[in-house]
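**Student:** So you can see what is in the structure, the chains are spelled out below.
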Amino acid sequence: MTETESIRMEGRFHTDTVTKYFLMGIASIAISIVFFIILFIFANSTDAIRDVGIVKLFTTPRWAPGEELFGTVPIISGTLAVTAGAMIIAVPIGVSAAIFISEVAPGRFKTILKSVSEVFAGIPSVVYGFFGLMYLVPVLRDLFPDKLLLGSSWLAGSILLGIMALPTIISVSEDALNAVPRSYREASLAMGATKWETTRKVVTPAAVSGISTAIILGMGRAIGETMAVMMVCGNTPIVPDPFYNVFSGIRPITASLAFEMSYVVVGSTYYSALFFLALVLMGMVLLVSLVSKMMVSRTRKRFGEVKEGETVLHKLASKLPVSVVNGIKNGVWALVLFTVVLIASKPWLNVLGAAVLGAAVTAFSISVALLWINKLEKEGRLGADGRPLNASEFFEMLSTKTKARIRRALGLLAIVVLIYMPVSLFYDDVTSVLSGIAVAALFVVWKRLYRKVDSMRAQKVAHTGLMLVMAVTIGILLVIIVRIFVEGLPTVTWEFLTGFPEDAGRAGGIYPAIVGTLKLVAGAMIIALPLGIISGIYLAEYSKDTPLTRTIRNCIDILSGTPSIVFGLFGMTVFVILFGWGYSLIGGCITLGFMILPVIIRTTEEALKAVPQELREGSLAMGATKWQTTVKVVLPAAFGSVITGIILAIGRAAGETAPIMFTAVVAFQSKIPKSIFDPVMALPYQLYYLSTEGIAPPGMRSGVAVVLLSLVLSMFVLASIVRYHYNKKFKW
Amino acid sequence: MTNVIEIENLNLWYGDHQALKDITIPIKGNKVTALIGPSGCGKSTLIRCINRMNDLVDSCRVEGSMMFHGENIYGPDTDVIKVRKKIGMIFQKPNPFPMSIRDNITYGPKIHGVEDEDELERIVVDSLKKAALWEEVEDRLDSSAMALSGGQQQRLCIARTLSVSPEIILMDEPTSALDPIATAKIEELIDTLVKEFTVVIVTHNMQQASRISDYTGFMYLGEMIEFSKTEKLFTRPSEQLTERYITGRFG
Numbered sequence: 029m030t031e032t033e034s035i036r037m038e039g040r041f042h043t044d045t046v047t048k049y050f051l052m053g054i055a056s057i058a059i060s061i062v063f064f065i066i067l068f069i070f071a072n073s074t075d076a077i078r079d080v081g082i083v084k085l086f087t088t089p090r091w092a093p094g095e096e097l098f099g100t101v102p103i104i105s106g107t108l109a110v111t112a113g114a115m116i117i118a119v120p121i122g123v124s125a126a127i128f129i130s131e132v133a134p135g136r137f138k139t140i141l142k143s144v145s146e147v148f149a150g151i152p153s154v155v156y157g158f159f160g161l162m163y164l165v166p167v168l169r170d171l172f173p174d175k176l177l178l179g180s181s182w183l184a185g186s187i188l189l190g191i192m193a194l195p196t197i198i199s200v201s202e203d204a205l206n207a208v209p210r211s212y213r214e215a216s217l218a219m220g221a222t223k224w225e226t227t228r229k230v231v232t233p234a235a236v237s238g239i240s241t242a243i244i245l246g247m248g249r250a251i252g253e254t255m256a257v258m259m260v261c262g263n264t265p266i267v268p269d270p271f272y273n274v275f276s277g278i279r280p281i282t283a284s285l286a287f288e289m290s291y292v293v294v295g296s297t298y299y300s301a302l303f304f305l306a307l308v309l310m311g312m313v314l315l316v317s318l319v320s321k322m323m324v325s326r327t328r329k330r331f332g333e334v335k336e337g338e339t340v341l342h343k344l345a346s347k348l349p350v351s352v353v354n355g356i357k358n359g360v361w362a363l364v365l366f367t368v369v370l371i372a373s374k375p376w377l378n379v380l381g382a383a384v385l386g387a388a389v390t391a392f393s394i395s396v397a398l399l400w401i402n403k404l405e406k407e408g409r410l411g412a413d414g415r416p417l418n419a420s421e422f423f424e425m426l427s428t429k430t431k432a433r434i435r436r437a438l439g440l441l442a443i444v445v446l447i448y449m450p451v452s453l454f455y456d457d458v459t460s461v462l463s464g465i466a467v468a469a470l471f472v473v474w475k476r477l478y479r480k481v482d483s484m485r486a487q488k489v490a491h492t493g494l495m496l497v498m499a500v501t502i503g504i505l506l507v508i509i510v511r512i513f514v515e516g517l518p519t520v521t522w523e524f525l526t527g528f529p530e531d532a533g534r535a536g537g538i539y540p541a542i543v544g545t546l547k548l549v550a551g552a553m554i555i556a557l558p559l560g561i562i563s564g565i566y567l568a569e570y571s572k573d574t575p576l577t578r579t580i581r582n583c584i585d586i587l588s589g590t591p592s593i594v595f596g597l598f599g600m601t602v603f604v605i606l607f608g609w610g611y612s613l614i615g616g617c618i619t620l621g622f623m624i625l626p627v628i629i630r631t632t633e634e635a636l637k638a639v640p641q642e643l644r645e646g647s648l649a650m651g652a653t654k655w656q657t658t659v660k661v662v663l664p665a666a667f668g669s670v671i672t673g674i675i676l677a678i679g680r681a682a683g684e685t686a687p688i689m690f691t692a693v694v695a696f697q698s699k700i701p702k703s704i705f706d707p708v709m710a711l712p713y714q715l716y717y718l719s720t721e722g723i724a725p726p727g728m729r730s731g732v733a734v735v736l737l738s739l740v741l742s743m744f745v746l747a748s749i750v751r752y753h754y755n756k757k758f759k760w
Numbered sequence: 176m177t178n179v180i181e182i183e184n185l186n187l188w189y190g191d192h193q194a195l196k197d198i199t200i201p202i203k204g205n206k207v208t209a210l211i212g213p214s215g216c217g218k219s220t221l222i223r224c225i226n227r228m229n230d231l232v233d234s235c236r237v238e239g240s241m242m243f244h245g246e247n248i249y250g251p252d253t254d255v256i257k258v259r260k261k262i263g264m265i266f267q268k269p270n271p272f273p274m275s276i277r278d279n280i281t282y283g284p285k286i287h288g289v290e291d292e293d294e295l296e297r298i299v300v301d302s303l304k305k306a307a308l309w310e311e312v313e314d315r316l317d318s319s320a321m322a323l324s325g326g327q328q329q330r331l332c333i334a335r336t337l338s339v340s341p342e343i344i345l346m347d348e349p350t351s352a353l354d355p356i357a358t359a360k361i362e363e364l365i366d367t368l369v370k371e372f373t374v375v376i377v378t379h380n381m382q383q384a385s386r387i388s389d390y391t392g393f394m395y396l397g398e399m400i401e402f403s404k405t406e407k408l409f410t411r412p413s414e415q416l417t418e419r420y421i422t423g424r425f426g
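Which chain is which? The protein sequence lines are B and L, in order.
Residues in the first sequence are numbered consecutively from 29, following my numbering.
Residues in the second sequence are numbered consecutively from 176, following my numbering.
Derived by calculation from the structure, the hints in this document are not laboratory data.
Be aware that one or more of the hints could be misleading.
To be verified - 27 Å max Cα-Cα, derived DSS-like pairs, lysine-lysine:
no.: 1; chain 1: L; residue 1: K285; chain 2: B; residue 2: K429
no.: 2; chain 1: L; residue 1: K206; chain 2: L; residue 2: K407
no.: 3; chain 1: B; residue 1: K488; chain 2: L; residue 2: K257
no.: 4; chain 1: B; residue 1: K431; chain 2: L; residue 2: K206
no.: 5; chain 1: B; residue 1: K229; chain 2: L; residue 2: K305
no.: 6; chain 1: L; residue 1: K257; chain 2: B; residue 2: K229
no.: 7; chain 1: L; residue 1: K285; chain 2: B; residue 2: K223
Said to hold, decoys possible - Per the computed footprint, the stretches of chain L lying under chain B, defined by three or more beta-carbons under 8 Å from a beta-carbon of chain B, are:
no.: 8; segment: 218-231
no.: 9; segment: 248-260
no.: 10; segment: 264-272
no.: 11; segment: 286-296
no.: 12; segment: 329-336
As the list claims (entries may be wrong) - Here chain L is said to cover these stretches of chain B; the calculated rule only asks that three of the stretch's residues, wherever they fall, bring their Cβ under 8 Å from a Cβ of chain L:
no.: 13; segment: 170-179
no.: 14; segment: 215-226
We put the beta carbon where it would ideally sit given N, CA and C, even for glycine.
Excised from the complex, chain B in its bound form (with noise of 0.2 Å):
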């Protein structure tokens, strides 16, 4: 008789176990990380709420620390109006793109136009600001030299920030229409539909939720922006007169820090105001975040994966009694009839003649509406659901056809207003009310010319034009690559890379910003890397969905949203001014490590996540603990796709400058420092320091460009040929 082994667990811990609690140690550090950015810069802002009050730092109009004034509405009305332009900008044309990489191109160049736009994302912001400022800004003060003195303009910023917000909306975009089931495409084409028919009709509106976090996705990326539009806004904390003078100069709250964050004394109530700036964007961002958080569970419910009423808001909503959910949504209509008006009444009256005819008009409506109602309740007109008790049941409650009559007035008085507001900036006020109601006309014109053309020519002529959008979108990329290499290309010798900077970085080489920059890379790569793919494996491998795992993630959505700049303050607040180390490498490498470790979570996770669950069982139903078959088997599978996303991160960390800017970096060393508590030159910051302070020849400035960018694609070149690599070998 054999001996039978016992089955019983020895010692009291599974090691197993053990190893999960550490893991989710590590995994939790992100929820410190962002716990110690927003107390800091809390704890940083509450001076300037205790000296100047909350209430004053909304409503003073003006910001002029000079004079004591710190009015935060000019630089949060910035933020605002150059994420608004750039969406304006991004939008039609991200969306085109997408529907034309998701429904008209062919198999084969779909792979290829995706790669193009993981291009456009991984050009750092300081080379598009430095493309902006030398290229586009003198292109639009050739176009408007009326207009603008400078060239430096909200219109610059938020072109700028259209083209940096296109890849975001493009993917996620492209993402949601490719989710759409193909039963629907199928069950419209069967139907006769053309295929132009059902994208319009049938697969984008299936997809608006996607569409729509697409655009909030890329509205963050554009409200957390700072190098470009610290380059190119004109740098004047001012609110546009009128409110859509796209010529105005602004100064959104980034460009604000950024450019303030040097000159201040530490400890004062303008230091202290600067970081409360800080706290509004952070509080932004969260906003925008939520909201897309929000969309999300909207497009899994549309495709029955949620049920009804399931979503953060219908929660909040069935938890309030029904009078109390009424009063809310008609208080917000009536909230939003009211500014519509104080807005577009501004130009002639003042604020206070502006906000009664508001006031009035919103009453106006208000009264009509229940008289209208009071009227069919007394005909019996009033179906079984009784009268209507907020402004969507009562539209609901309107007849189609009066519905559709209401929509297509609002659509064309918004064509009115948008024509209006451009053309008033150049021509008078009956001119530009003129064109805008020509342009309404020709629209109603032009719609029921459509509706004779042709279906299967309505679909030629659509795709040539989604074609041509797409081409345009490719051919911004290709200017911006081609025109900075074309003229940097000649300065970049051997003696530029290899040389000290000569004369305040006007000459000379650049060598010390090459290996600086390869230093805090390195730098950030050691820390972010460990704890990265830890993380990455927890939320794998290990995690079930409790409390501590779900804020995790959402700790790790929330640094992932946190504009750059604010991991700089943080990093200035807790290296160079608590610890005391001044700009040092160190302080450098840790910020930036921190900026790039939700990058590195995200793509363990779900490199992870893409092994098939077989290759798990197998393992497991040998007898391997759950370590040994994440570390011998998941993880080797997943090999090839976590290097693809460390590499594309490290192109990522080489190009930031706004979490080095107040760590790590000088403009001009003549020697490469030793220690690591010594500051550090670095390409990114280089360029904008040339770029922006006028003093160094432009062969310089295109020079530094052209070094960073090769860096950077050449990542993405490396990225790619990996990705091929493992393709080959692992498939499934």
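We have chain B already, so just place chain L on it with the hints.
**Tutor:** Chain L only, in chain B's frame:
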């Protein structure tokens, strides 16, 4: 009864793989034609050929002719849009659009140029009535179609197809995702629809085929083994393969 469709020597390849071999059958007007056979036999491929849904597959190549009232569906100057308007299709899994019930029905007429609100309303009522769904949804036309039960969704899909007044309705295993009660309703519906339309149905359920169809084709490995009146095919099959299949000895 006239032949609405005549399929002759139809061959179909997916890349190098031949999925249909020399299919020749007629489809009679105002009758139910059922296609049966084990999975992978090509019955779904064949039904998807009839309104050219296979065009969506890049590697698909078709030879032979498929005449619809004497015009070749695969002719060089055939408008595929018109083909699909005349020949509608119901899919295996109910696939209503994520819109309101009303918008699901008006979708087709609108893309084919109907604008008048009253006309659209008439089509909505008419189609829903014909699809035996009207009574269940008349008071919630503006709520989401996704909230309907599976059987109701499938009848909505039928109503949606009817809204563009097709001549032929193709049904690709329309009840395989439904429970027995919902299935019975659809079968009943097919019985009434056939007075006005021609129905071609693919089913893996032989009882269903024998219950509802007038003609049945038995397919195996891409070939049409036997095609005849349903009654004859199920009682006196002329091929041994057919007999073995319908008696459940393989499949």
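**Student:** Checking each numbered hint in turn, tell me which of them this model violates, lowest number first.
**Tutor:** 4, 13
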